[in-house]
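Visitor: Starting from the structure of chain A, add chain B with the ligands where the hints point.
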Amino acid sequence: MRFDTVIIGGGLTGMLAGITLQKAGQKTAIISTGQNALHFFSGSFESIKEPSQRIVELFAEAGVRLHYSPGVRLLPLGTFKESALALEDVDIFPTPKFARKVLIVNFSGYHDFFTSFLADGLEKQGMTCRLRFLSLPELETLQQSPSEMRSVQIARVMDRVWEKVVQEVRVLLKDEDAVVLPQVFGLQDTSVPGRIRQGIPAHVVFAGTLPPSVPGIRTLILLKQRYQLLGGTYLMGDEVIRAHTHEGVVHSVATRNLDNHYIEAANFILSTGGYFSKGLISNPFQVLEPVFGLDVEYKEDRNQWYNPTFKEDQPYMHFGVKADENLHALKDGKPLENLFVAGSILGGNRPEFGFAAGQCIKTALFAADQILKK
Amino acid sequence: MKLQEYTSSRHNFEECMKCTVCTAYCPVLQANPLYPGPKQAGPDGERLRLKAPYFFNQALKYCLNCKRCEVACPSGVNVADLIQSARIKYDTTPPKLRDRMLASTDFMGSLARPVAPVVNAVTGLGVTKTVLDATLKIDRHREFPKYSSRSFERWLKRRRKEQTVFPEQVAYFHGCYVNYNYPQLGKDLVKVLNALGVGVQLLEKEKCCGIALITNGMSGQARKNANHNVAQLRQAVLDKGLKVLTTSSTCALTIRDEYPNLLGVDNADVRESVLLATRFIFEKLEKGASLKFKSGYHRKIAYHTPCHLERMGWGIFSEKLLQMIPGVEFTLLDSNCCGISGTYGFKKENYEVSQAIGEPLFAQIRSVNPEVVACDCETCKWQIEMSTGYTVMNPISILAEAIED
Ligand SMILES: Cc1cc2nc3c(=O)[nH]c(=O)nc-3n(C[C@H](O)[C@H](O)[C@H](O)COP(=O)(O)OP(=O)(O)OC[C@H]3O[C@@H](n4cnc5c(N)ncnc54)[C@H](O)[C@@H]3O)c2cc1C
Ligand code: SF4
Ligand code: SF4
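If you read the sequences in order, they're chains A and B. Going by this note's numbering, the first sequence opens with residue 1, and the numbers climb by one from there. Going by this note's numbering, the second sequence opens with residue 1, and the numbers climb by one from there.
Bound-form chain A, shown alone:
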């Protein structure tokens, strides 16, 4: 099968590149081993500090609404971090003290939302907190297997019964000017977070839970729908196991599912993610890129891979695949002229594109633009 561009790795990076190329009239395919790091996405693009019309519109066309308002956002354990661009239901406050009094509400039996850490953190900022639990009959069946009472399971129920949460919170609310709820709303019905905010007479803040991330999965569903609606071919659950390269040009790739049926393309984008997604792998001696065997920037001395103080910045997180200025992948020091690398697989190699999800957006667009310029 032949495409204009084949994208290896279907996370945030791969989908944004795919959407951009399909919009420009290309015929593309995305091949992705499994699901991706959006399942852990906080909902905020930390490294993007400036407003960008192009990014906001790209997401909006897929039905993902972003807002730009530089400030700080609340982390799941009650601390704060600088942010400017985030999903609409992820608040960014001018200062950490976003209210006087806060009501923190969780569902009984749900262990993946850390209310007391949140309360401690908010109280440090001078806010008074009250914790309350909600019991909804609709959630009782989930509690039969408490190990599976997870964000997504709750979110599926909430798409139907969110109005009850509004009613119950209104009853619980005393003189608080803010309410903190877990991020379990708007998985399929994207209007739910907004309607909850309208229904509760206080500022409603949705705070992060343990994975899977509901805003992350929602983003993924919408981007994938957009990509397929534009005519893109998404091969889910398949893995590129080998590439066929000749004199600096990639001709085709072989996948686990299609065995001897090779996928050919004029251009390729490698966006297979970091260690989590196996875009990068390591053994006791080396850090490797497994599909093409690309050059990887890492420290020779293994003792310098990590910092023994767990909370410190970890050097291995900055290792990544090497690319030239136009993001052509480097192999044995030479660029492959039709292979572009984008997203977390770059690690900390290209600070000019930012880091984490912000880096993904910028490198995805950059790589797609390079292909379209050809």
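FYI, nobody ran anything at the bench for these hints, they're computed from the structure. Treat each hint with caution, since some may be false.
As the list claims (entries may be wrong) - Examples of chain A residues toward chain B, derived with CB under 10 angstroms:
id	residue
1	N36
2	V152
3	L258
Stated by the list, open to error - Covered stretches of chain B, as calculated for chain A (at least 3 residues, CB under 8 angstroms):
id	segment
4	21 to 30
5	147 to 156
Idealized CB from N, CA, C, for every residue including glycine.
Guide: Chain B with the ligands in isolation, oriented as in the chain A frame:
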């Protein structure tokens, strides 16, 4: 070594990093609170089961074996294989009469076929359904697949001569459904392949692929079928140099993947030659062969990717083939399980869960409102037809309808 025995398992068990991604994609977890979910039933449970079989949980029987957890897992853990293997290894309860009946598709087929009109009339009766529901716990809402009085094998055997004139030959693993219930699909395949200059042969003697035996706790019988079929495949592939095609995504997955992974039956020398017919046809067309389509053909088609095809990653061939037909208006339905999963949905205790699982798919079909739903799986066909009233056709039958006679 003891330590190894207590800590290691197959199916990429060690790769699990507890990321919870699989739990977001299990259709049963969304509909049945008694099911512990893929992570718990799969890698987490396996860790305990390795220590002591006591930890085996009967609730594992609720797993559909749809393999959506495997498609979603970023670490390549074969979650469904872990679950099905645990059922094979630890579940010692003998299968019920009903499960044995539901699982024995070829045996039931050969019994029913000669008296097909009677069987069809009887299984269609309200009173029969009530009795089956009460005695065997086969849900009364189910329509039984109709039996055909002429088997496909007989039909093709009569045409053996005319098939041998084609320069290229393939073997066809038709499966129980085409043989006993719906020979027309097999005839459609023969029409399309003949139009491409390819003649169709039978295997000397095929047996049911065995998927229903596996999921109904009869892995011993399944292994016998697997060994028999692999020997047959070797004859076709190694001795005669043929490719072996199927029109059922589940037969294909079972023969290619469940044989080695669940039943321990080695098929490495023939695996790559067992193909879904749509893939074979797509590849022929890609290499320059062509089909003559009727002019003025028009169909609004919504394509549903069956779970097992999703796992094999070959849905793309059926999709692209349908999109190639002039006059086809194509919609790709979101990838969701229809809920039937072979014999699972026939069981009374699963009926409601089965329908709840399928509802998002049914709702989308209703909103797209196609003329036909296309799908490569026979049990999806029963489920979607019963639950939505829309006609479901195999992509091969749509191709056969669209090309000139
Ligand atoms: C646990 C975790 C939490 C994070 N949280 C945040 C956050 O809150 N905010 C933030 O800004 N960033 C966060 N990040 C950073 C994250 O890496 C990026 O935000 C972004 O989601 C990564 O996108 P990507 O598309 O580059 O890679 P990924 O999302 O990792 O996608 C890569 C995809 O490629 C597939 N793949 C890998 N190898 C192959 C192959 N050989 N063939 C085919 N497919 C393949 C993988 O299965 C995967 O689906 C987090 C990362 C992790 C791991
Ligand atoms: S095979 Fe299907 S039903 Fe079974 S655990 Fe996996 S996703 Fe759930
Ligand atoms: S089986 Fe895969 S998806 Fe499920 S928790 Fe383990 S690594 Fe994650």
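Visitor: Determine for every hint whether it applies to the structure shown.
Guide: Structure-based check of each hint:
Here the hint on N36(A) is kept, as its CB sits about 7 angstroms from the closest CB of chain B, short of 10 angstroms. Because the beta carbon of V152(A) sits about 4 angstroms from the nearest beta carbon in chain B, less than 10 angstroms, this interface hint is met. A cut of 10 angstroms between beta carbons decides the hint on L258(A): the least distance to chain B is about 7 angstroms, and the hint holds. Here's how the segment 21 to 30 of chain B fares: 6 of its residues keep a CB closer than 8 angstroms to some CB of chain A, so the rule of at least three is met and the hint holds.
Check on the segment 147 to 156 of chain B: 0 of its residues sit with their Cβ under 8 angstroms from a Cβ of chain A, so the three-residue criterion for coverage is violated.
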